[in-house]
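One-letter residues, chain by chain:
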Amino acid sequence: MVLLREYRGKEILRKFGVPVPPGKVVRDAKEAEAVLRSGEIPVPCVVKAQVLAGGRGKAGFVKLTNTVEEAVAAVHGMVGKEFKGEKVREVLLTTKADIGRELYLSITLDRSSRKPLLMASPEGGVEIESLPAEKLLRLPLHPLTGLVSYEKRAVTRAFALPPAAAKDLDRILDSLWAIFEKEDAELVEINPLALVGDRLLALDAKVILEDDAMFRHADFQKEHGELSPLEQKAHDKGIAFVEIGGDIGVLANGAGLTMATLDVLYQEGGRPGIFLDLGGTDDPKKVVEAFLMMTEANPKVVFINIFGGVTRCDTVASGLVEALKQAKPGFPLVARIRGNNEKEGIQILRAAGIGSYSDLAEAARHVVALEQGRASKGGAASPPAPAIAGGAS
Amino acid sequence: MSILVDASTRVLVQGITGHQGTNHTRGMKAFGSKVVGGVTPGKGGTEVEGVPVFDSVREAVDATHPTATCIFVPAPYTRDAFYEAVDAGIKLAVIITEHVPFHDMLKMLYYGRLHGARIIGPNCPGLATPGGAKVGIIPNVVFREGRVGVVSRSGTLTYEMVAGLTEAGFGQSTCVGLGGDPVNGTTFVDTLELFHDDPRTDMVVMVGEIGGVAEEEAAEYIGKSFGKPVVGYIAGRSAPPGKRMGHAGAIIDRGRGTAESKVNALQKAGVKVAKFPYEVPGLVRDSLKEIGKA
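Here the protein sequences come in this chain order: A and B.
If you're matching positions, the first sequence starts at 350 in our numbering and goes up one per residue.
If you're matching positions, the second sequence starts at 1311 in our numbering and goes up one per residue.
Calculated from the structure, these hints are not laboratory results.
Among the hints, erroneous ones may be present.
[As the list claims (entries may be wrong)] Pair by pair, the computed Cβ-Cβ distance ranges are:
hint : chain 1 : residue 1 : chain 2 : residue 2 : range
1    : B       : Arg-1457  : A       : Arg-502   : 48 to 56 Å
2    : B       : Glu-1530  : A       : Gln-721   : 49 to 57 Å
3    : A       : His-584   : B       : Gly-1399  : 35 to 43 Å
4    : B       : Pro-1509  : A       : Gly-587   : 41 to 49 Å
5    : A       : Lys-692   : B       : Asp-1596  : 44 to 52 Å
6    : A       : Gly-429   : B       : Gly-1426  : 58 to 66 Å
7    : B       : Tyr-1387  : A       : Asp-547   : 47 to 55 Å
8    : A       : Glu-671   : B       : Ala-1340  : 26 to 34 Å
9    : B       : Lys-1538  : A       : Lys-692   : 33 to 41 Å
[Said to hold, decoys possible] Result set (DSSO-like, lysine-lysine): computed pairs, CA atoms no more than 30 Å apart in a straight line:
hint : chain 1 : residue 1 : chain 2 : residue 2
10   : B       : Lys-1553  : A       : Lys-430
11   : B       : Lys-1578  : A       : Lys-464
12   : B       : Lys-1401  : A       : Lys-436
13   : A       : Lys-635   : B       : Lys-1553
14   : B       : Lys-1401  : A       : Lys-501
15   : B       : Lys-1339  : A       : Lys-692
16   : A       : Lys-407   : B       : Lys-1553
17   : A       : Lys-464   : B       : Lys-1401
18   : A       : Lys-634   : B       : Lys-1417
19   : A       : Lys-582   : B       : Lys-1534
20   : B       : Lys-1599  : A       : Lys-531
21   : A       : Lys-634   : B       : Lys-1534
22   : B       : Lys-1585  : A       : Lys-649
23   : A       : Lys-692   : B       : Lys-1585
24   : A       : Lys-531   : B       : Lys-1417
25   : B       : Lys-1553  : A       : Lys-555
26   : A       : Lys-635   : B       : Lys-1339
27   : B       : Lys-1401  : A       : Lys-531
28   : B       : Lys-1339  : A       : Lys-464
29   : A       : Lys-586   : B       : Lys-1553
30   : B       : Lys-1417  : A       : Lys-555
31   : A       : Lys-464   : B       : Lys-1417
32   : A       : Lys-364   : B       : Lys-1417
33   : A       : Lys-433   : B       : Lys-1553
[Stated by the list, open to error] Not close to chain B: a few residues of chain A, all C-beta gaps over 10 Å, as computed:
hint : residue
34   : Pro-368
35   : Pro-391
36   : Val-428
37   : Arg-438
38   : Arg-450
39   : Leu-458
40   : Glu-472
All of these numbers come straight from a predicted model, not from anything done at the bench.
Beta carbons are placed, not taken as given, at the ideal position from N, Cα and C, and that holds for glycine.
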């Protein structure tokens, strides 16, 4: 998920021919004053904090100003403030538009129909979730044909615009599809698309690009606004790492198993906090890297849950022991290891003083006890249950 | 006797000379799969694990007549690899590759449909019929032949589940890993329909997770017309909204795709939903007793 701030979204709209009002991004009041005095953006103008979360207007992070002094004061009041956990670093100055009507357009992926979904409403400017179903046109598009004329005509009919604006709409719809497809967007949304006089103008833009398609956009400057600094760091290293607020770190292999492990801890009364998926790796260096990442998050206790299928338990165990030598964590560890070379893995961990289980429930209860200060670090190492029949695959 | 793959399945491996391709070719052969050929452009005429390598899928098809392909090629090239397989007449593609853009996946899905080709995956562990064939990367050691169908959006969690079933004495008819992406080539409903028609499958274990509505759609199908017992497990009960939990598809988005919604829908459809993964074998035993098969 690569979320773009409004001005970057508008840059993309502009590149694809969607009419956007003139705008200039500034980083402080001084810069704002220079822009406004030069007449590059005339007053009255709209001052908009560039943040990723919605609802900034109601919170005072969008202001209509009539004089240069008012605009500069508004910029001064926004820069450095926090909105929904995000610090305002950039502010967009943009010309004021005399809005006749506000419309809504977007294309996103519909997971249920497994098609791109065009949504259009003659009543925009509000959150899409708040619109009644009959006010929202939903058109699933075919991925192999893209948006075709009859679908565009359905939107044009629903919007009932004057002729010049209807022509604009036709072009904007083509642009919207082109952006969705060519820029590899997860979402491209114009809300509101404003009727100004008898023409259309995109007054806001929300664009989310697909992370996995970034290989096609090598020149693109990424920003993952929704990630915490640690998540960002892990992301850059290719580690699946998510912070969810509790104080137990979970290190497992495979996203499903990691999620299930968090769930088991949660259902045993614990507060899982870190999701760290090792993936299918059996490379000790990768395990070391993942473990150092976990150490940075500084959880109260760490639970390692490994199912060795493709990954071998003894390789993971050796990697962990190696990582521990480097990281010297100040928190206790509990491991649960099952599958391929399970016995060898448990032996390696025990030799390094880590309590190891093969039973998930037992291990989870020990972890929760440690979290709540009810157990000592040494921990009981229960005898491992017999490994599944066979051994190595 | 199973769904999708069996002893007659002839497997092609695209990307066979890579690390994963080579390792899992060995794994598939050890399982008993007939791996008849591999493709890596520029490596034609060589051999990997005793399997002949070709420069193109067309050449491999002409020489070895595969019925399924297992795709390991990197994400930027996955789409074209799939098109090549479909154009050469292959009707089942198992895409192991992770990080395939969903834009590519949408095109593959509908291109495949035009030619009657099914996709399992992407970002999936593949599928296996114990005693028949494996196409993918699920560890061989977890399986045992039997009559429980398994379908899942996860990888390792599935291995755990299957290993748990095997240990408790419940073998599997076929085990299908659908993949962790937002768009899957084959869905829960598609797979359940196949299990419904398979006389060798007595019941099904389905492993879902947060994100999307595939489990809710499966629940609707099960409630209406499945007719065999289903035991379910949903991962992500403790996941907060808006966070992508490792899988690209595992995200609660604008209130949709919660574990609660999925668990409720499945329970309403008569599915026994396990709270903990290790409860699954017990629920399978109960279900089989109810239909007089245990």
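Now the hints, each set against the structure:
| no. | hint | result |
| --- | --- | --- |
| 1 | B:Arg-1457 x A:Arg-502: 48 to 56 Å | 54 Å, holds |
| 2 | B:Glu-1530 x A:Gln-721: 49 to 57 Å | 41 Å, violated |
| 3 | A:His-584 x B:Gly-1399: 35 to 43 Å | 40 Å, holds |
| 4 | B:Pro-1509 x A:Gly-587: 41 to 49 Å | 45 Å, holds |
| 5 | A:Lys-692 x B:Asp-1596: 44 to 52 Å | 32 Å, violated |
| 6 | A:Gly-429 x B:Gly-1426: 58 to 66 Å | 60 Å, holds |
| 7 | B:Tyr-1387 x A:Asp-547: 47 to 55 Å | 48 Å, holds |
| 8 | A:Glu-671 x B:Ala-1340: 26 to 34 Å | 29 Å, holds |
| 9 | B:Lys-1538 x A:Lys-692: 33 to 41 Å | 37 Å, holds |
| 10 | B:Lys-1553 x A:Lys-430 | 24 Å, holds |
| 11 | B:Lys-1578 x A:Lys-464 | 28 Å, holds |
| 12 | B:Lys-1401 x A:Lys-436 | 52 Å, violated |
| 13 | A:Lys-635 x B:Lys-1553 | 23 Å, holds |
| 14 | B:Lys-1401 x A:Lys-501 | 35 Å, violated |
| 15 | B:Lys-1339 x A:Lys-692 | 26 Å, holds |
| 16 | A:Lys-407 x B:Lys-1553 | 25 Å, holds |
| 17 | A:Lys-464 x B:Lys-1401 | 22 Å, holds |
| 18 | A:Lys-634 x B:Lys-1417 | 37 Å, violated |
| 19 | A:Lys-582 x B:Lys-1534 | 47 Å, violated |
| 20 | B:Lys-1599 x A:Lys-531 | 54 Å, violated |
| 21 | A:Lys-634 x B:Lys-1534 | 50 Å, violated |
| 22 | B:Lys-1585 x A:Lys-649 | 25 Å, holds |
| 23 | A:Lys-692 x B:Lys-1585 | 28 Å, holds |
| 24 | A:Lys-531 x B:Lys-1417 | 13 Å, holds |
| 25 | B:Lys-1553 x A:Lys-555 | 19 Å, holds |
| 26 | A:Lys-635 x B:Lys-1339 | 28 Å, holds |
| 27 | B:Lys-1401 x A:Lys-531 | 29 Å, holds |
| 28 | B:Lys-1339 x A:Lys-464 | 37 Å, violated |
| 29 | A:Lys-586 x B:Lys-1553 | 18 Å, holds |
| 30 | B:Lys-1417 x A:Lys-555 | 24 Å, holds |
| 31 | A:Lys-464 x B:Lys-1417 | 10 Å, holds |
| 32 | A:Lys-364 x B:Lys-1417 | 25 Å, holds |
| 33 | A:Lys-433 x B:Lys-1553 | 16 Å, holds |
| 34 | Pro-368 | 26 Å, holds |
| 35 | Pro-391 | 38 Å, holds |
| 36 | Val-428 | 26 Å, holds |
| 37 | Arg-438 | 22 Å, holds |
| 38 | Arg-450 | 25 Å, holds |
| 39 | Leu-458 | 6 Å, violated |
| 40 | Glu-472 | 19 Å, holds |
The structure fails to meet hints 2, 5, 12, 14, 18, 19, 20, 21, 28, 39 from the earlier list, while all remaining hints are met.
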